[in-house]
Every structure is written in structure tokens, then in C-alpha cells.
Amino acid sequence: MRVAVQSAPFDFAAEAAGFGQGPGVGAVVTFTGVVRDDGGMAAMEIEHYPGMTEKALKAIAAEAMVRWSLSDALVIHRHGRMEPGEHIMMVATAAAHRQAAFEAAEFLMDYLKSRAPFWKKEFRADGSDWVAAKDTDEEALGRW
Amino acid sequence: MDVLYFAWVRERIGLPKERIETQAATVAELVEELRAREDRYAAAFADLSALRVAVDQELTDFSAPLAGAREVAFFPPMTGG
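Chains A and B, in that order, give the protein sequences.
For the record, in the first sequence the residue sitting at position 79 is 79 according to our numbering, with numbers rising by one throughout.
For the record, in the second sequence the residue sitting at position 21 is 21 according to our numbering, with numbers rising by one throughout.
Please note that a few of the clues may not be correct.
Quick list of the computed label-pair ranges, beta carbon to beta carbon [claimed, not checked]:
no.: 1; chain 1: B; residue 1: E38; chain 2: A; residue 2: S69; range: 28 to 38 Å
no.: 2; chain 1: A; residue 1: R2; chain 2: B; residue 2: D56; range: 33 to 43 Å
no.: 3; chain 1: A; residue 1: A132; chain 2: B; residue 2: F62; range: 13 to 23 Å
no.: 4; chain 1: A; residue 1: D126; chain 2: B; residue 2: A67; range: 23 to 33 Å
no.: 5; chain 1: A; residue 1: G26; chain 2: B; residue 2: A25; range: 49 to 59 Å
no.: 6; chain 1: A; residue 1: R81; chain 2: B; residue 2: A36; range: 44 to 54 Å
no.: 7; chain 1: B; residue 1: T22; chain 2: A; residue 2: V34; range: 28 to 38 Å
no.: 8; chain 1: A; residue 1: D126; chain 2: B; residue 2: D2; range: 29 to 39 Å
Since the hints were made in silico from the structure, they are not lab data.
Every residue gets a Cβ at the ideal spot worked out from N, C-alpha and C, and that includes glycine.
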């Protein structure tokens, strides 16, 4: 299990290629979040809470490891300034079977969206705004 | 203890972190002390339903006790992913 919080870009292809090599692995799921160019957005800035972010991600990943008997889990989340098209974050899960790998990846995504201390700010030509949390993100936790 | 502010809470108050000497027994009591300080604090803490709090880097609620706490952080609902 590995968790990384970093401002530098990550190499998704290299991360995916090196993940889930262990014995007994029958399924690997990867997800990557990309900065979307909504409404002429020029850039996004992600603030985080150093220390708590790493702790929260580790706790969420450790829970996924146990609940879905994963062979491995990876979470990489960037902070700082990013432009449309850049990769913001990725999760990867490795399990014996695909259902566990898919579910664990969704669980990781749902939890890090509203339980890991990151805040997004969008920059457009006419100004900037903090992204508001969605009720549906909070509701998504209910299914776990 | 150290009190930290993130995202628009940080912008509204105008600083990311400060050291506060307080006798507040709970997060809610600390919020009352901060609100009474200046308008910018009152504005930031006007609607607690729009805020989240962490004590020593663990999410908690406004009724949480502060005994022994080293760090309290206030921020809006998180938007990771």
C-alpha cells in the first residue's frame, strides 16, 4: 500500500505498469482524475492540510485493504496549481477478482473526495472561486 | 494551541495559522471566543454548517473537547478527488 501527496506531476503509465505485480493478483483497477476545462476554466489550485492529508489517505487506503482483501492499493493526489488536461490524482487497487478491485477503487474515490482535506479553487478569466462540496458526494458515502 | 485555517476560511480571516492561548473547553467555546475578536472572525464563523473542524488532525464536531489538544483546524467541506 502506498499513499503519495505531491505537487509534482506523476507518470500514470509508469505507476500503472509497476502496480499489482504480487502473487494471487487477478484484477487491477486504476482511476485517474483529470482537470476539466469547465466554463473556460484556465487553472485549478488545490490546497491541502499537510500532515492530516497523508494520515487521512493512509487510513482510507488501509480500510480498503482490509474490507476488500486487496493485494495492494495506491493513492496519489497532487496539490498546487494545475491546468486543464493535467492529472490531479489516481487510485489503483489489486485483488484476486475484479468485483473487489472495482468496489475498493470506488470506495477510495468516494472517501477521498469528502474526507481527505483538499480544497479546489477554480481560476477563470473573470475571477476565481472555491469549488463547493456537493451533497451527492456526501450521500455517496452512505453506500459503504 | 495552534489554530489553522484553510481555503476561504483562511482568506476571510487573513492568515493561515496562529497561536492562541485559550481556556475554551470545547471547539464551540473556542469559536465563540474567535467570533468576539473581530468582524473578520465573525464573518468566517457566521454559519457553522458551512464549516468542518479537525482536532489534532482528526475530523470531529463542534462539541469536541479541547483538553490536551495541540492543533485545531477550521475549513470548508472538502473537495478532493
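Status of the hints after comparison with the structure:
| no. | hint | verdict |
| --- | --- | --- |
| 1 | E38/B to S69/A: 28 to 38 Å | violated, 53 Å |
| 2 | R2/A to D56/B: 33 to 43 Å | violated, 24 Å |
| 3 | A132/A to F62/B: 13 to 23 Å | holds, 20 Å |
| 4 | D126/A to A67/B: 23 to 33 Å | violated, 47 Å |
| 5 | G26/A to A25/B: 49 to 59 Å | holds, 53 Å |
| 6 | R81/A to A36/B: 44 to 54 Å | violated, 36 Å |
| 7 | T22/B to V34/A: 28 to 38 Å | violated, 43 Å |
| 8 | D126/A to D2/B: 29 to 39 Å | holds, 36 Å |
Hint compliance for this structure: hints 1, 2, 4, 6, 7 are not met, and every other hint is.
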